[in-house]
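S.K.: Sequence:
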Amino acid sequence: MKILVVDDERSMADSLRDNFDYEGHSTTCAYSGQDALDCLKGDVFDLVILDVMMPDVDGFDVLATIRKEGVQTPVIFLTARSAEADKLRGLGLGGDDYVTKPFSLRELLARVDAVLRRSCAGSDLKEFVIGSAHVDLACLTIERDGAEHGMGRYEGSILRLLASAPGKVFSREDILNQVWGRHAFPTMRTVDNYIVKLRQKIEPEPGQPRYLTSVYGAGYRLSLD
Numbered sequence: 174m175k176i177l178v179v180d181d182e183r184s185m186a187d188s189l190r191d192n193f194d195y196e197g198h199s200t201t202c203a204y205s206g207q208d209a210l211d212c213l214k215g216d217v218f219d220l221v222i223l224d225v226m227m228p229d230v231d232g233f234d235v236l237a238t239i240r241k242e243g244v245q246t247p248v249i250f251l252t253a254r255s256a257e258a259d260k261l262r263g264l265g266l267g268g269d270d271y272v273t274k275p276f277s278l279r280e281l282l283a284r285v286d287a288v289l290r291r292s293c294a295g296s297d298l299k300e301f302v303i304g305s306a307h308v309d310l311a312c313l314t315i316e317r318d319g320a321e322h323g324m325g326r327y328e329g330s331i332l333r334l335l336a337s338a339p340g341k342v343f344s345r346e347d348i349l350n351q352v353w354g355r356h357a358f359p360t361m362r363t364v365d366n367y368i369v370k371l372r373q374k375i376e377p378e379p380g381q382p383r384y385l386t387s388v389y390g391a392g393y394r395l396s397l398d
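Under the working numbering, think of the first position of the sequence shown as 174, with each following residue one higher.
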C-alpha cells in the first residue's frame, strides 16, 4: 500500500517511513502541510499519516482542504495534541483515526492495518440499484424518481458495508467498528441517525422501509430488490 507520512519533524517522518517500508508498504514523506497538499495533488495514496502542528498549513486544514476537493483517502492523525476537542475536530473533519504522541509503534501499525482493511472492504463496489434508487458510491449520490440526493462520507460507508452482503444482518456494533473503527465518540444512536438519513433518500416510504430494514434486537440489513 502507498502511504504518505506528513510531519515537520523529519526524524519522526523518516523513522515512520522506514518502519512502514519494512512492513511492505511504499512510503513517501512530506515535511510540511503544503508539501502534503502538493503530494496529494500529484499522486494517489492508500493512507495518510498526518501531524497537526506544522508551521505553514496545519493538519486540520490539510484534511479540510482535501476533503473539500473530494479526496477520500483515509487519514490517521498522529499528533501531540491530545485534548478531546482536538480529537473531535479531527474526526469531525473526516479523519479515520486519531493517535496521540508519544505512541506505541505496534499499536500504530495495528491501527494502520485496521484502517486499510476497512478502506479495502467492498472497494470494488461502486454502483448498484436498490429498488428504484441508483446508488453511486464513487460520487456519493443516490438518484430516485428523477431527484438526486447527496450522501455524506459516513452514509456512503454504511451503505457500502450493507450492500457488500445483501440480506445479511449487521449489528450496530458491527457498523460502528467497520465504519468508524474503535473511536469512543460515535454511539449506537449515531448509527440509527444515519440509517434514518439513508432511508429518506432510498425508500419510497421512509416510515415503512422496504429495503433498509431493522431486525429487532439484531441490527440492520439491506435488500436490493
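Be careful, since some hints might not be right.
Have a look at the derived ranges for each label pair, beta carbon to beta carbon [unchecked claim]:
#  : residue 1 : residue 2 : range
1  : Asp-229   : Arg-383   : 47 to 55 Å
2  : Phe-276   : Thr-314   : 16 to 24 Å
3  : Asp-234   : Asn-350   : 36 to 44 Å
4  : Glu-378   : Asp-181   : 50 to 58 Å
5  : Lys-241   : Thr-386   : 30 to 38 Å
6  : Glu-280   : Pro-339   : 28 to 36 Å
7  : Met-185   : Gly-390   : 41 to 49 Å
8  : Ser-188   : Pro-377   : 50 to 58 Å
9  : Gly-325   : Ser-188   : 40 to 48 Å
10 : Gln-381   : Lys-241   : 19 to 27 Å
11 : Ser-199   : Pro-339   : 14 to 22 Å
12 : Glu-316   : Lys-341   : 19 to 27 Å
13 : Met-185   : Asp-211   : 15 to 23 Å
Calculated pairs, DSBU-like style, for lysine-lysine (alpha carbon to alpha carbon, straight line, at most 35 Å) [to be verified]:
#  : residue 1 : residue 2
14 : Lys-274   : Lys-214
15 : Lys-274   : Lys-241
16 : Lys-370   : Lys-299
17 : Lys-241   : Lys-214
18 : Lys-241   : Lys-175
19 : Lys-341   : Lys-175
20 : Lys-341   : Lys-299
21 : Lys-370   : Lys-241
22 : Lys-175   : Lys-299
23 : Lys-175   : Lys-214
24 : Lys-370   : Lys-214
25 : Lys-370   : Lys-341
26 : Lys-299   : Lys-241
27 : Lys-214   : Lys-341
28 : Lys-241   : Lys-341
29 : Lys-214   : Lys-299
30 : Lys-341   : Lys-274
Note that these hints are calculated values from the structure, not bench results.
Keep in mind the model is a prediction, meaning the values are calculated, not measured.
Ideal placement from N, C-alpha and C gives every residue a C-beta, glycine not left out.
S.K.: All hints, please: hold or fail.
M.R.: Okay, the hints, checked on the actual structure:
no.	hint	verdict
1	Asp-229 - Arg-383: 47 to 55 Å	holds, 51 Å
2	Phe-276 - Thr-314: 16 to 24 Å	violated, 38 Å
3	Asp-234 - Asn-350: 36 to 44 Å	violated, 29 Å
4	Glu-378 - Asp-181: 50 to 58 Å	holds, 53 Å
5	Lys-241 - Thr-386: 30 to 38 Å	holds, 34 Å
6	Glu-280 - Pro-339: 28 to 36 Å	holds, 35 Å
7	Met-185 - Gly-390: 41 to 49 Å	holds, 47 Å
8	Ser-188 - Pro-377: 50 to 58 Å	holds, 55 Å
9	Gly-325 - Ser-188: 40 to 48 Å	violated, 35 Å
10	Gln-381 - Lys-241: 19 to 27 Å	violated, 37 Å
11	Ser-199 - Pro-339: 14 to 22 Å	violated, 35 Å
12	Glu-316 - Lys-341: 19 to 27 Å	holds, 25 Å
13	Met-185 - Asp-211: 15 to 23 Å	holds, 20 Å
14	Lys-274 - Lys-214	holds, 28 Å
15	Lys-274 - Lys-241	holds, 27 Å
16	Lys-370 - Lys-299	holds, 20 Å
17	Lys-241 - Lys-214	holds, 13 Å
18	Lys-241 - Lys-175	holds, 22 Å
19	Lys-341 - Lys-175	holds, 32 Å
20	Lys-341 - Lys-299	holds, 19 Å
21	Lys-370 - Lys-241	holds, 21 Å
22	Lys-175 - Lys-299	holds, 21 Å
23	Lys-175 - Lys-214	holds, 14 Å
24	Lys-370 - Lys-214	holds, 32 Å
25	Lys-370 - Lys-341	holds, 20 Å
26	Lys-299 - Lys-241	holds, 20 Å
27	Lys-214 - Lys-341	violated, 38 Å
28	Lys-241 - Lys-341	holds, 33 Å
29	Lys-214 - Lys-299	holds, 22 Å
30	Lys-341 - Lys-274	violated, 39 Å
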